Every structure is written in C-alpha cells, then in structure tokens.
Amino acid sequence: MTTLDQAVVVDKAAGSDVVLQTTGLTVEVSTEHGWVEVVDGVDLTVRRNETVGLVGESGSGKTLTSLAVMGLLPENARISRGDVRLSGRTISGLSEKALSDIRGVQAAMIFQEPRRCLNPAFTVGDQVAESIRRHRGWSRKQAKARVIELFELVEIPDAARRIDQYPHEFSGGMCQRVMLAMALACDPELLIADEPTTALDVTVQRQVLELIRRLQGELGLGVLLITHDLSVVAEMCDRVTVMYAGQVVESAPVDPLFYTPKNPYTSALLQSMLEPSGRGEPLGYIPGSVPPPHLFPSSCRFQERCTHAVESVCGRAVNLENVSAAHLTRCARAADLALPGVSA
1 MTTLDQAVVV DKAAGSDVVL QTTGLTVEVS TEHGWVEVVD GVDLTVRRNE TVGLVGESGS
61 GKTLTSLAVM GLLPENARIS RGDVRLSGRT ISGLSEKALS DIRGVQAAMI FQEPRRCLNP
121 AFTVGDQVAE SIRRHRGWSR KQAKARVIEL FELVEIPDAA RRIDQYPHEF SGGMCQRVML
181 AMALACDPEL LIADEPTTAL DVTVQRQVLE LIRRLQGELG LGVLLITHDL SVVAEMCDRV
241 TVMYAGQVVE SAPVDPLFYT PKNPYTSALL QSMLEPSGRG EPLGYIPGSV PPPHLFPSSC
301 RFQERCTHAV ESVCGRAVNL ENVSAAHLTR CARAADLALP GVSA
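When the letters of the sequence shown are read in order and numbered with the working numbering, they come out as residues 1 to 344.
Just so you know, the hints here were simulated from the structure itself, not pulled from any lab data.
A couple of the hints might just be wrong.
Per label pair, the in silico range of CB-to-CB distance [as the list claims (entries may be wrong)]:
no.	residue 1	residue 2	range
1	W35	S95	20 to 28 Å
2	F122	T31	32 to 40 Å
3	F122	T203	23 to 31 Å
4	G88	L219	38 to 46 Å
5	R214	E32	43 to 51 Å
6	S139	R89	26 to 34 Å
7	Y285	D201	20 to 28 Å
Note that this is a predicted model, so its numbers are computed, not measured.
We put the beta carbon where it would ideally sit given N, CA and C, even for glycine.
Between the sequences and the hints, there should be enough to build the whole structure, so can you do that?
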C-alpha cells in the first residue's frame, strides 16, 4: 500500500474529524524563469483537537502552502495540481466569492505581524464585527455583544471599553489577541497560525501560545502551526511535518521526530536548536541555504548541504516513504543512518 493510500484509509476511518486535507498540493509562481514550482506534492492532514506543526527554513514553502489552503495566493501564484479539502469540501477551483464565504467560517488564519493586519482607521471592535455581520447577518447590537464575548475569550481586559479603541492603542501581544478574536468570530473548525509569535517578546510569546492551546482545547479546533522554531513545536504540537525546498521531507508524531529523526535535514534542524555543550563551543547551524525554486534539483534537494549524502545513492529523485506506520521520510539512506535527535 502506498503512502497516499494509507493516508486515505486513515482519513476515512477518522470521518468528520478531518478538518484539513491536502493531497499532492503543488503551487507554481510566475517568475522571470517562467512558471516555477515552489510547493511540490504536499500531503497534509489536520484533525479536530490536534495541532500539526509545519516546519522549515525561510523559502521552504510553508507560508505558500498555508495561503493555498486559504485561497489567498498572490496574483502571480496558482495551484497547478492537487486538492485541498476543508471539512471534506474541495475548495480547489472555487470562485473568489465562494472562497470568501468559506474563510472565517470553516477556516481562519492569523499572521506574524498582527498590527499590519489591522486597519488603523477603524476601531478593533468594528473590524471584528465586520466579519460577524457579513457571515452571520447579525445586527450591529448582536455583533457588538459577540465581539465583547470574543475579547473576553481571548483574555483582553476591560473588553467592553477596548472594543472602541484603535490598533495603535494596543501592544503587539494584544493586537495578536484581537486577530485571534477575529479568526474565531464565526466558529471555524481550522485555525492556521503563521509564525504567530515571531514579532513578540519572549514573555508575550508564551502567553499567546498558551492562549492558542487553551482555545483549541475549549473549542475543539484543528490547528496548523507554521513556525521555524522547534521549541514551539515541542511545546505545542501533536504531529510535525518538515518541509525543505517545497517538499515534505519528514512527517511524524512529535516524540519520534525529535528523538529519532529519519531525515538528515530534520536532524540538522534539531542540532541547530541545541545549546552549545560548553563555553566557547560554536552554535549549531546548517551550512548553505535553501536553493531558489528555479534551481531545485531533480535529485534529493538537500543533497548539496547534507553531510550524509552519497552521490551514487542520493543523486536521484527520492519519494516520501514510510519508516513506520505514522513516520514518513524522504531520504534514500534512511535505513542506513542513525541520526542524532534531542536527548530525552
């Protein structure tokens, strides 16, 4: 049975628990080199009450994958192959109006710079209420009551007063809480959080992450958490999907992936997050950088940066394969390598 067949069997067994499923999702971007694939055949599944981490360096394709799921790709990008389903409904090929009706109701998204997502000319309460009135058809009074309720849910103090304030009157952490309130306004089943704490200081980061985790538990949300920070993944996620150069290179539950990674790229990411073993020891890092999409090789895409690469084995295209029932990797040498993870 193939990896894709196994995924389909699992999803049928889970039934309506699946809130997001992408199958072979491929995204192209128009460049000076023509249409270039930047996301290549991504399979993702997120279920209710589950947090899935989507991890990788800048340029790995994480954000474009999430924008494709939301139907928010920029004008120079398109889905060229594959399927996206939200709660069982295919959204690929839907009109902009149909997608707009889905956003916020079935799936919602928050971003890494919340202040830039808020209009400085309108109160935060009016901006949250706009989505409620559009999707629910409620009166201004009903929408206002719902906004106050949402602000209390995301722990904004003095909610009834603060709904009449403007974005510049809120800190970065409070702006992210406003964005969370907006995302949850129409009770979506899926929340996509794209680097939600990157622009926040450490204390506020923890508060926002704890809030997302609490809301997920209370509301039964499926959460797709996009991040480059593996410490956040360890704290927040049930499963992890690692991307490199537009492809999924490893996918597994958190513990197996952290303690026994099966892909050299994942192992290198984990080593780069560890503290030096002694004073004066160098920080871990991965030499080189992700190649630009028009230079993605037809062989293993990590080969040029991989310390375990063997040309005779790795100089060809590599498929995503199961190493166990719930653990997949894209590495031709997976069976031969004992890769370091984090210590228990």
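Cross-check of the supplied hints:
| no. | hint | in the structure |
| --- | --- | --- |
| 1 | W35 with S95: 20 to 28 Å | holds (22 Å) |
| 2 | F122 with T31: 32 to 40 Å | holds (36 Å) |
| 3 | F122 with T203: 23 to 31 Å | holds (29 Å) |
| 4 | G88 with L219: 38 to 46 Å | violated (19 Å) |
| 5 | R214 with E32: 43 to 51 Å | holds (46 Å) |
| 6 | S139 with R89: 26 to 34 Å | holds (29 Å) |
| 7 | Y285 with D201: 20 to 28 Å | holds (24 Å) |
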